[in-house]
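Enquirer: As they're listed, the protein sequences go chains A and B. Counted the way our numbering counts, the first sequence spans residues 1 to 113. Counted the way our numbering counts, the second sequence spans residues 1 to 112.
In short, the hints are calculated from the structure, not lab data. C-beta: ideal position from N, C-alpha, C; glycine also. There may be inaccurate statements among the hints.
[As the list claims (entries may be wrong)] Below, a list of computed lysine-lysine pairs in the BS3-like style, where the Cα atoms sit at most 25 angstroms apart:
hint, chain 1, residue 1, chain 2, residue 2
1, A, Lys-40, B, Lys-52
2, A, Lys-41, B, Lys-52
3, B, Lys-99, A, Lys-53
4, A, Lys-40, B, Lys-3
5, A, Lys-97, B, Lys-3
6, A, Lys-38, B, Lys-52
7, B, Lys-109, B, Lys-3
8, A, Lys-22, A, Lys-38
9, B, Lys-52, A, Lys-22
10, A, Lys-40, A, Lys-22
11, B, Lys-69, A, Lys-97
12, A, Lys-38, B, Lys-109
13, A, Lys-41, A, Lys-53
14, A, Lys-41, A, Lys-9
15, A, Lys-38, A, Lys-19
16, B, Lys-109, A, Lys-97
17, A, Lys-97, A, Lys-38
18, A, Lys-38, B, Lys-99
19, B, Lys-99, A, Lys-22
20, A, Lys-41, B, Lys-99
21, B, Lys-3, B, Lys-52
22, A, Lys-41, B, Lys-109
23, A, Lys-38, B, Lys-3
24, A, Lys-22, A, Lys-41
25, A, Lys-40, A, Lys-97
[Said to hold, decoys possible] Rough simulated footprint, nothing fancy, chain A against chain B, three-plus residues with beta-carbon under 8 angstroms:
hint, segment
26, 41 to 48
27, 96 to 108
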Amino acid sequence: DTEVTQTPKHLVMGMTNKKSLKCEQHMGHRAMYWYKQKAKKPPELMFVYSYEKLSINESVPSRFSPECPNSSLLNLHLHALQPEDSALYLCASSQGKANTEAFFGQGTRLTVV
Amino acid sequence: DAKTTQPTSMDCAEGRAANLPCNHSTISGNEYVYWYRQIHSQGPQYIIHGLKNNETNEMASLIITEDRKSSTLILPHATLRDTAVYYCIVRGTTSGTYKYIFGTGTRLKVLA
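Could you build all of it, start to finish, from the sequences and the hints given here?
Expert: Dropping the structure here:
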């Protein structure tokens, strides 16, 4: 099983709403990633968790708040987003070891209105 | 982070081999080269990775030059379903954590 599951698949939210994106993997991976992808652009790294601790924050605005409740689950809490935050949000996971690969979920398509 | 340079787009006839080049002249000795592809806004799909030896799996082959400054992904018999954006990534680290930084990628179109 090499599946990374993201929910919901689509989300529409207002600028004053609070919502959360969820990512789950059951591969025993200890590194989990959030990426943001705008149309026709490559994915941009946002956050990396390693062993349930935030390891990398690529200067992401505080309206995006990641959380890793356990080794299988990664959340991205959203608050006071702007329309320009509309994008495909991708989650990935990996063993976090040298000769291994990362697996990506299918993403959550977020629209901020 | 080592930067990668890829052609913006390529065409390939169906059934022929697709050879996708990537330059990564600033790669460090322990950094792996990864290839992913993304089909029409789905999540990126892992294809193959390597350090310095050539690698082959059921999807593709990866040829890395001896100086490791460039590599080529080979899809031996391209099909229409291989039409996608292909990303070459040199996986870097920050504080011991691996990170996958995507470049602009190559948009491969397989033609019937």
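Enquirer: Among all the numbered hints in the text so far, which are the ones the structure does not match?
Expert: Failing hints, ascending: 1, 2, 6, 9, 13, 16, 17 and 25.
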